[in-house]
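Dock chain B against chain A, hints included.
First to last, the sequence lines map onto chains A and B. Just so we're aligned, residue 1 is where the first sequence starts under this note's numbering, counting upward by one. Just so we're aligned, residue 1 is where the second sequence starts under this note's numbering, counting upward by one.
Derived by calculation from the structure, the hints in this document are not laboratory data. Glycine included, each C-beta is placed from N, C-alpha and C at the ideal position. No false leads were slipped in.
DSSO-like, lysine-lysine: derived pairs with alpha carbons at most 30 Å apart: (1) B:LYS57 - B:LYS70; (2) A:LYS9 - A:LYS70; (3) B:LYS105 - B:LYS56; (4) B:LYS70 - A:LYS57; (5) B:LYS105 - B:LYS57; (6) B:LYS105 - A:LYS9.
Derived CB-CB ranges, DEER-like: (7) B:PRO110 - A:GLU52: 45 to 53 Å; (8) B:PHE10 - A:SER84: 20 to 28 Å; (9) A:THR54 - B:ASN18: 42 to 50 Å; (10) A:ASP38 - B:PRO81: 25 to 33 Å; (11) B:GLU41 - A:THR86: 16 to 24 Å; (12) A:GLY16 - B:GLN14: 46 to 54 Å; (13) B:GLY82 - A:GLY40: 22 to 30 Å; (14) A:GLU59 - B:GLU38: 19 to 27 Å; (15) A:GLU52 - B:LYS105: 31 to 39 Å; (16) B:GLY16 - A:GLU59: 36 to 44 Å; (17) A:GLN17 - B:LYS57: 44 to 52 Å; (18) A:GLU52 - B:GLU41: 22 to 30 Å.
Given next are the chains, with one letter for each unit.
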Amino acid sequence: NAGVTQTPKFRVLKTGQSMTLLCAQDMNHEYMYWYRQDPGMGLRLIHYSVGEGTTAKGEVPDGYNVSRLKKQNFLLGLESAAPSQTSVYFCASSYRLAGGDTQYFGPGTRLTVL
Amino acid sequence: TQLLEQSPQFLSIQEGENLTVYCNSSSVFSSLQWYRQEPGEGPVLLVTVVTGGEVKKLKRLTFQFGDARKDSSLHITAAQPGDTGLYLCAGMDSNYQLIWGAGTKLIIKP
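Excised from the complex, chain A in its bound form (with noise of 0.2 Å):
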């Protein structure tokens, strides 16, 4: 039972350049989420999906979009990087909607847009 991972750990991009995260889950939850941690601002929620084929907005979308043609898979993309976007980014899952429920958090992928 690997619970979420993340992949790749770490990587750097050039601005304008495309990358995708990729977010995996073996505990059969329904919600993924994808955050973004920045220092001193705590977690922000970029997207999130209730289900297999549905996505949507969350606090910070702008620049980034996801899918989730899979139950245990979300995938984040960056279609043109921005400097901006250099943040650690966070996948997790829920059984149930986050704040009622544990959230099972991935270990992260460091982003670094030159």
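Quick look at chain B alone, frame taken from chain A:
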């Protein structure tokens, strides 16, 4: 914009001391969670409090939800180096949105 303010932002104390971390808001939350995050890892849930005035204990950690469900505190008794980490609070508002605090970075020196 709803805010959850955590204080202090940073705390460094000696092993064996007691400490309290606060999580305050002007908004009412239906539930509030505390997470601990260690360097290079994702946050891990410590506790969820739901009822105003609720107190939960987890070994040396005591969590309290304010009577009005707008604030919470985390008290650690006889802190140990293993308690070192970033402590985050998160509250669920009436729109079922989870609001996160910026965190308290705690260092316990041996």
